[in-house]
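Sequences listed follow chains L and V, in order. For the first sequence, my numbering begins at 1 and goes up steadily by one. For the second sequence, my numbering begins at 1 and goes up steadily by one.
Hint data in this document are derived by calculation from the structure and do not stem from the laboratory. All residues carry an ideal CB built from backbone N, CA and C; glycine is no exception. Be careful, since some hints might not be right.
To be verified - Counterexamples of contact, computed for chain V against chain L with all Cβ distances above 10 Å:
1) T16
2) N50
3) A74
4) S143
5) D210
6) G326
7) P342
8) T389
9) S508
Claimed, not checked - Below, simulated DSBU-like cross-link-like pairs (lysine-lysine); rule was C-alpha separation at most 30 Å, straight line:
10) K135/L - K120/V
11) K334/V - K186/V
12) K357/V - K294/V
13) K135/L - K323/L
14) K278/L - K120/V
15) K294/V - K135/L
16) K294/V - K186/V
17) K455/V - K465/V
18) K357/V - K138/V
19) K242/V - K465/V
20) K138/V - K120/V
21) K138/V - K278/L
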Amino acid sequence: MYHSLTWMLWLAAALLPAMISRNPLYLTLLLLAVAIAYNTMGRLSSMATSWSVFLKAGLVLGMFSVVFNTLTVHYGDTVLLTLPRLSLRIGRVPFLELGGDTTLEALIYGLTSALSLIAILLVFATFNVLVDHHKVLRLTPAFLYQTGMIASIAIAFVPQMVSSLQDIREAQAIRGHRFRGIRDLLPLFVPLLTTGLERAIQLAESMEARGFGGGSRPGAGRRQALHRVLIAAALFGLLVAAFYFGYFPSARWVSAIIGMSSMALLLANVLIMGRGVKRSRYRRELWRPRDTLVTAASLASILVVAGFWLLHVEALVFYPYPKIAAPDFNPLIGLAMLSAVAPVLAAPQLRKPVRD
Amino acid sequence: MIELRQVTYTYPDTRTPVLRDLSLRVEEGEFILLIGNSGSGKSTLLRSLNGLVPHFYGGTISGAVRVAGRDPFALGPRGMSQVVGFVLQDPESQFVVDSVEDELAFAMENHNLAPSVMRKRVEEVLDQINIAHLRHRKINTLSGGEKQRVAIGAVLTLQPQVLVLDEPTSQLDPQAAEEVLTTVQKLNADLGLTVILSEHRLERVVQYADRLVYLPGGGGSPVIGSPQEVLPQVDLEPPLVKLAKSLGWNPLPLTIKDGRRFARTMNLPSPEEHRPLRPADTVHSDDGVMMRMKNVWFSYDGQEALRGVDLSVAPGEFVALMGRNGSGKTTLLKHIVGLLRPERGQVELFGEDTRSKNVEDIARRVGYVPQNPGSLLFADTLREELDFTRRSHGLETGGYHDLLDSLHLSQHADSYPRDLSGGERQRAAMAAVLVADPEIILLDEPTRGLDYHQKRALASFLTRKQQEGKAIVMSTHDVELVALCAKRVVILAEGQVVVDGPARRVMSDSMVFSSQIGKLFGDERFVTVDDVLAALNL
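Excised from the complex, chain V in its bound form:
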């Protein structure tokens, strides 16, 4: 179905090729999962399948690609659109018209299909991906998962033979991601559609994939094979696989269900024999409290977002805020920095009511890293970016060598921040906020689009900050990140705190808000790979 022969591609204005002598064959009806670190060329490879590379981006390309017998380099994206359906990662920016049904028809209108054909295909697609109930809805009223499903539907109406998805779930919460991936899996299983999908969070998809393609980056040759063949050779691994590899489990388990079979045979020490020594998970002394919310209520245009939230945070605490989209996480964070003021109740920062202070004063002691690093970065170099923050807070410029070092950004101090890779940009934004040395650090979804390495690096950086006595409050959907570094978990639902407790206990109690290892053992001593290995003295 798809064949790449010795494809080499270089983007314009760069010297080193992203893809070098890449060859790959994909059979009809296969489900291929494309993995690799950020910047390894996954998106480039996917875009070469429908001619966006090189037609849209320019650059130089050699070698040959055939998809269903057609040549995307010759035909370009328009010519390939009836063969390859292409879905992008951001559900917000790939819609052309305002209603679901019109969006589904858009591609067919471009191809001048007869109205009767269009009607029939719209009905078919609505049923195939189970969105018939959304047909009359306006797109901006849909949830993220619904939007991604509509985006898939919008390419399916041309009846392509190949479905290409570029990190379709990276912007979604776990429930929405599940929704999208099951849809893709069903299309692959029921219609025999060939699927090629790239994804960072392997644990979500690896069980659906027939084969894995690992791109090492820097133009190295790919590793291709079944998940069991590829995963042992590469260092991108979900926690379950990492544990299995460390313990030599064979065949490699890909799902929790497979993993339990091995876990049952393990000889883990009992709680009496092994009680890990670690600092107390939460601090609940009243005197050191930095931030205290008392019965906080807030609503947007009559829609209640917070309903009587009580929460206090002390120095050296690391709180993970979890819960569905729309449960009030971001609203809560914005109350801590004073961007929003409670309608009822109060927020005290360092013993003072935030109503009596302006954002300017609060910002000197509280740092807030927004979801999208793009909303912060504007200067010509990273150095200027950091100096800007320090100047704005009335601090002397310079003196951030250690910060850049610990975020592995030293070599980029003079680079243009927007040229950095996704993970580097995320860290640059973090540096731009933390350079003012705030006492409370707030993070909104810090791991979107980060790979396993970047995530582990982030976790250890944050842990160091916590040990320096900073209080950290982080809203996230990423249970693995929480398992790695958070000490306390607060779960919000419909604007109320429903759970507030030590991270380990919460994670071993819950099925949804739990890490892979947590699900595997259901024991609060074991939520990360390191916990298990330490217990076995490995």
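Pulled out of the complex, with its shape left as it was, chain L reads as follows:
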């Protein structure tokens, strides 16, 4: 229903605040928007069952975060109750203090972290439900098409292997095979491996017989090597940006500049290398006006969130210590959170099952 690129940007726009904001108001708004997107569009998808798995995982992780934070963090002025203390030590060094003063601030901070975790998981879950994986794989840059192809084959291979493992298990069980220890894996593992290999060889034959694997321009070896070096440099730059931010969280500008320029280098290389591959594409996804609308909303949201992060990060982060106060609310950021419902608003009609 939307172009895969549209969905990728939507993912980026929703993921960014979920990861960097710690404000319960924004996170709640984001969760609400994502839930609406899933409810109106995702429920009709064949992948819909996976959503509840993500939701459960999010709730469990979130619960853990709340309990852990409340029991181990003792800052904050509003003491709710005092539990018996328990100190865990390695040698003489204490590394964890359980119990003691339990504060409302720690509880709230745990809840906010839990919200952020759940938001990240649900954004992924919704993306997973709404997007067609094969279409996304087709977006792999042209020079990486072999990698994309391998990923796509692997996706198809897994269910086949699962069903042949089932056959093997049954056949061996009737032959008297019992599972008692590691050695008993052999009668399952060897047939699985060999049938998998036989299948892989047939597939490889079939692909070669249809001309797969050729197609790169002869004599382009040296230029390719240069591109590879540049790509490695760009990836290294991204790594540096991430580490720099990790050590000097306040120097956001520096890491942002290193990160952005590395990203630009990476994209430029990918585009240039893609031109060297002699391979055409049968499918071109259609870019519709509604894709432009949703993309504009996603970009605006990214711009707002990233802008605040660079210029005024306090607006995104809610810090309850030492004494709890109501979190700030900036309507502009609130609006950015709501951009996650843009795909619903721009969609033509949703009553019939969506097949695109």
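With chain L held as given, fit chain V onto it using these hints.
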């Protein structure tokens, strides 16, 4: 169109060549049927036409091959892909992407064709092989026959001049095989595409072929000519041809229609004069029953697979389970060994409900040979394989000399099971199950990929087991095998038993579930070649 000159090829790590001094010429637009026993080099010959041999497999090759003026040894499979379309036997393992239309485009994408050309060719191919209604489907939702047709379509988009198919129907049921072969035949007739196809079940294709190429194996020189010329010289023969050869019918009939012309002139004894003496076809005494199913229902995720099946099997019975794919044959077999338990109704084994027993106990008395021998074999030697089964069942190891002998496997006792040929592997898997001496033997499609000799050997082995008092239940599509050895036929449709009766009567009543000889005479006394010859005292 195709020319092979003195081609000799040896696979890596082997000493004897598979092909020796092979020469062959194929004209444009011919339909060539390649036949030969398992391991005679059919697949190797086919793969030399597009360079998979030697480029993919290595080994040493000499001689020359030209296909449409090009040299596959020099160009390799990629270079040949626009000249030779290559289709493999297993419909499950030759697809790259998930949807039909994308699969058709894959080869063209590899060759960097313009999008407008691709669109046009996809439309053409969809119509040529009549799969336009499947274009948006996911490949894993297709039936076997549909998958093979898509595989053919996926090579046709490059507009090759030669279509090479390596046993394209060996994994399919008869209806699906028919579907695929008619498609190939139509491509040959309408587009003038040169077709080279290998196949074990000659009766399916021989009438379409312009010429037959018989590879004797062991590097011997091939026999080439029209079906009427080649078939009298070789021992691979469909039952109709075998009968015709025994009775000296000339010209050799290839279809039932041709055969009837001769059959009408025959002087077969009337039922009063000739009533063959043979043991009763079915045993229906209630006391000796080994397995009894009463009103068994079963469904997978709400999809009903068995709907009220009643069936009982007594010692010394030989039951063939027939019916379309998805009619419930395998589900029924799995109920007998307790891998599945009925949702409603019950399965009794030796007088006890299977619900009260675990698979372990049942497996001591019931043996199950799965469709794919590859799911069983894992050990380093066949001997270890058999010992493993005996140990697992708490039996002493050894003592299987006679079994190996009767399956013609004695000389392979110390071979690596996976190095055996297709037919030998099938027998090795059977030995690995039967070495525990089960009282009920279950077989799931035992003849996939077997040639006529192997099939006849299997039939006589199973008949011997039956005479020892074992009960055999075999699911199969192979009517000729059923005619050779089964005594009772049960036909399933949509999870219900629709026919249950003596094999001969069922086969002479039915047009689909009948052997060639059965179709020829429509008389329950004659379903195999031997029946007819015996009646004529030959």
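* **Enumerated hints in conflict with the structure, sorted upward** => 2, 8, 11, 13, 15, 16, 18
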